[in-house]
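Take a look at the letters that make up each chain.
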Amino acid sequence: MGGNFGRIFVVTLEGDRARVEHHALAPAVYRDFIGGVGLAAYLLWRYAPAGVDPLAPDAPLVFAFSPLLGTPLTTTAKLTLACKSPLTGRLNDGLSSSRFALVAKRLGVDAIVIRGALRTLSVLHLEPAPARCRVEARPELAGRSPAEVTSILVSEAGGDARPGVAAIGLGGEKLVRYATVSNDGRHAGRGGSGAVMGHKRLKAITVRGRETPGVFAPERVHARARELAARSLGASTDKYRLLGTAANLETFARLRILPARNFQGVTLSRREARRLAPEGLAAAAGHTRASCAGCTIGCDHRYGGTRVEYETQFALGPLCGVEEPGALLEAARVCDELGLDTISAGGTIAFAMECAARGLVDWPLRFGDAPAPWLRRIAAREGAGDKMAEGTRELARAIGQGSARFACHVKGLELPGYEPRAMQTMALGLVVASRGADHNRSGAYQADLRPDVDRYRADIARAPGRVIETEDHAALLDSLILCKFLRGAIPSPWVEGAELLEMVTGDAHDEASLRLAARRIVTLRHLFNLREGWRRDEDQLPARFVEEPLEDGARLSRDDLEAMRDAYYLARGYDERGRVPPACLEAVGLARWLTSP
Amino acid sequence: MAERASTAAVEIEFFGLPRQRAGVDRCAVAAGTLGQILEALARQLPGLVPDILEARGRPSRHLLIALDGQTIVDDLARPIARGQTLVFISAQAGG
Chain F
96 MGGNFGRIFV VTLEGDRARV EHHALAPAVY RDFIGGVGLA AYLLWRYAPA GVDPLAPDAP
156 LVFAFSPLLG TPLTTTAKLT LACKSPLTGR LNDGLSSSRF ALVAKRLGVD AIVIRGALRT
216 LSVLHLEPAP ARCRVEARPE LAGRSPAEVT SILVSEAGGD ARPGVAAIGL GGEKLVRYAT
276 VSNDGRHAGR GGSGAVMGHK RLKAITVRGR ETPGVFAPER VHARARELAA RSLGASTDKY
336 RLLGTAANLE TFARLRILPA RNFQGVTLSR REARRLAPEG LAAAAGHTRA SCAGCTIGCD
396 HRYGGTRVEY ETQFALGPLC GVEEPGALLE AARVCDELGL DTISAGGTIA FAMECAARGL
456 VDWPLRFGDA PAPWLRRIAA REGAGDKMAE GTRELARAIG QGSARFACHV KGLELPGYEP
516 RAMQTMALGL VVASRGADHN RSGAYQADLR PDVDRYRADI ARAPGRVIET EDHAALLDSL
576 ILCKFLRGAI PSPWVEGAEL LEMVTGDAHD EASLRLAARR IVTLRHLFNL REGWRRDEDQ
636 LPARFVEEPL EDGARLSRDD LEAMRDAYYL ARGYDERGRV PPACLEAVGL ARWLTSP
Chain X
7 MAERASTAAV EIEFFGLPRQ RAGVDRCAVA AGTLGQILEA LARQLPGLVP DILEARGRPS
67 RHLLIALDGQ TIVDDLARPI ARGQTLVFIS AQAGG
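One line per chain: the protein sequences are F and X, in this order. Numbered per the working numbering, the first sequence spans residues 96 to 692. Numbered per the working numbering, the second sequence spans residues 7 to 101.
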C-alpha cells in the first residue's frame, strides 16, 4: 500500500517517561476515512474514552497525517491535530502546514496518539524506533514562545537531521481553552488543542525520521505534481498569492458582511477598511511574503514581520473596534508568541468589551483599546484574564446578567468573520458544524455568494443541500489533505481526488466512493459529539442574531433558522432530533466501525 | 477611457484581484445590460483581460459581481440602471 505505513504510534505518558508502541491499522481504515480529518475522527472515536474530560490524562491528542503527505504534490505538507475540545466539549481538529508534518510522517507512522500526562514540563523526542523515543524534563522552557522553543531545540539537535518541532506557548501551559499548537510558525488554532498538550505537560514534541511509505505509481505522481504546480500559479490562486486573505476585509466591509464590535453591526467606513487592508498594513509596517513547506501558492503575507490572515485581522481589528494597524499587528504578533487562537481571543475580548460598555463588569477595557495587554493577561491568567481564558461561553456564565444573549459562539466556539444575518446559508453552516461556529469544515459562505442565492433569506428548501455540499467538499480536501486555497485550480475535486488517491495508494476510488467517504466522515464527527452529550439546542446562534436586526434592517428569523437546521438533519439522514438512526449508519458504512476497531 | 462617475453612469468598484488587474479602485461606464457594461470595461481596462473578463467581455470564473454590493449577478442580459453600482470581487471568497 503506497502513501501509508499501516500503523500509528500510541504514546503513553506517565510520571517522567513515555511508552511508545506501534498499533496496526487495517487497510479498510484508510479506504473508509482516507487520512487527515477523516483518520483523526476515526482515531478519536477509537482512543478517546466516552465522556472523557478534555483536560484529563486519558484524553488523547491525535496528530493525523495523510496519504498525500510527503509526495511532491503541492500544498500537501499538512497535518491534522485533533482532540476533544476543552473549549466546546465536542470534537475539535485543526489543520496546519509545516515541515513538522513532513518529518513526523518519516517516523514511519500515519498518526501519533498521545495519552497520559507527565509530572514536569517536558519535551517528547520521537524517532522511528519506539525504544529510542524519550521524555526530557525541561521546566526552564516555561513561558517561552513556540518560536523560541523551536530555535532552542533545533540548535541543540545539531547535525544534519534537523528535527521538526511542535510547541505550545504560555497559553497552552496555563490551559487557556483556546490555546494553539504551533509548528514552524503555523498554528493548529481552533478549539484549544494547545491546552490539551499543556495539560500533558508537553512543552514541545520533536520528530526525526527517514522512513518513507513510497507511492503506488511514482511517475504518474511526479507528472501530476508538475501539472498541479503549474495550475496553482494561475489566476485561481492569485488572490492568495498577490494579496492574501487579508484582502477580504475591505471586500467584506463593502458587502456589509464584516462583523464589527462584537457583532453589533457591519459598518466600517471605507477609510477605516482601507487602513486595515493589505495596502494600509503594508504602508504602516512594510510587507514580505512567504510560503508553507512544499507549497507553490505562497499565501503567507507578513506585515512588519507578522503573518496576518483575514480571520486574525477581523477578530483583533473591527470585532474589537480596533482601527489602528499598529495595534492590530501587535495583537497578532502577541497571539503567535503566546500560542492563542486569534479568532477566539478576539471574540472573547470583544464580548468583554461589550460587557464593560454595558456596565456588567468594571474592567477597564473599551472598544478600540489595544488587545495586546489583555492577551497577555489571558495567557498568564491574571485578574480578569483568568475568566477570559475560559472563552466567551464560560465568561458569559460567570458574568450572567443576560450577557449570554450577545455571547457570540456556537457550541462554545467563537464565530469567524462572516455576519450570519447577512449570509443566511452560512448561518446554517455555523450552527450545524461539529466543531462549533466553523468556517473551515464548512464553506457555506461560498453558497451565499452565488448568483442564484438571496443571502438575506433563509432558504429552507435549498440551504441544507448547499451546506452539505460544502461540508462534504471540505471533508474530502481536509482528509486528502489538500489546501483549500487550491480549490479554484481543481475544478473536479471528487474526480481528481480519486485519481490522486489511486496513483499514491494503489486503492481504486471514484467520485461515488469519495462522496460516500465524505458523508461517512461528517457523520462520524457528529456521532462523536452525540456520544459526548450533544443536544439539538446546541445547534443554535445566540439570541443577538435572531432578535436584533443589522443597521440596514437585515434580520434572521429564529423559526427559519431552526427550520433550516431540522431540514439539514433530515437531508443528512438523521432523525428530526439530530440522532443518527441505524439506516443512516448502514448507508454511510459506519456500522462496522462503531463496534470494532 | 472609462467615464468619470456621474448620475448618468453605472459605477464600478473593484476589490481584491479585480482591483489588482484593473489598476484602479473604481470607474464609471454608461448604463446598459450587464453584458454591454462588461464589454465596455474589457476595452477600457485591458488589464482585466483575460483573468477577470474574457476577451469579449464575458466574466471569467475568477470574478463575482455584486449589484449594489448585495445580489450576485451573472445574467448578461440584465439591465443595469443609471446610479446603480457593480462591485467586482474575487470569486475565491474564503479565508
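Keep in mind that the hints were calculated from the coordinates and are not lab data. It is possible that some hints are incorrect.
Claimed, not checked - Simulated DEER-style distance windows between Cβ atoms: (1) P85(X) / D549(F): 17 to 25 Å; (2) A638(F) / P85(X): 37 to 45 Å; (3) G495(F) / R88(X): 52 to 60 Å; (4) G400(F) / P52(X): 30 to 38 Å; (5) G29(X) / D255(F): 47 to 55 Å; (6) D549(F) / R88(X): 23 to 31 Å; (7) E477(F) / P52(X): 51 to 59 Å; (8) T362(F) / G38(X): 28 to 36 Å; (9) A83(X) / T383(F): 42 to 50 Å; (10) R305(F) / R64(X): 34 to 42 Å; (11) G400(F) / G53(X): 30 to 38 Å.
Unchecked claim - Facing chain X, a subset of chain F residues (Cβ under 8 Å, in silico): (12) L338; (13) T346; (14) L350; (15) A686; (16) L689.
Nothing here was measured: the structure is a model prediction, and the numbers come from that model. Backbone N, C-alpha and C fix where the C-beta goes; we use that ideal spot for every residue, glycine too.
> So which hints don't hold here, by number, going up?
Replying inline: 10, 15, 16
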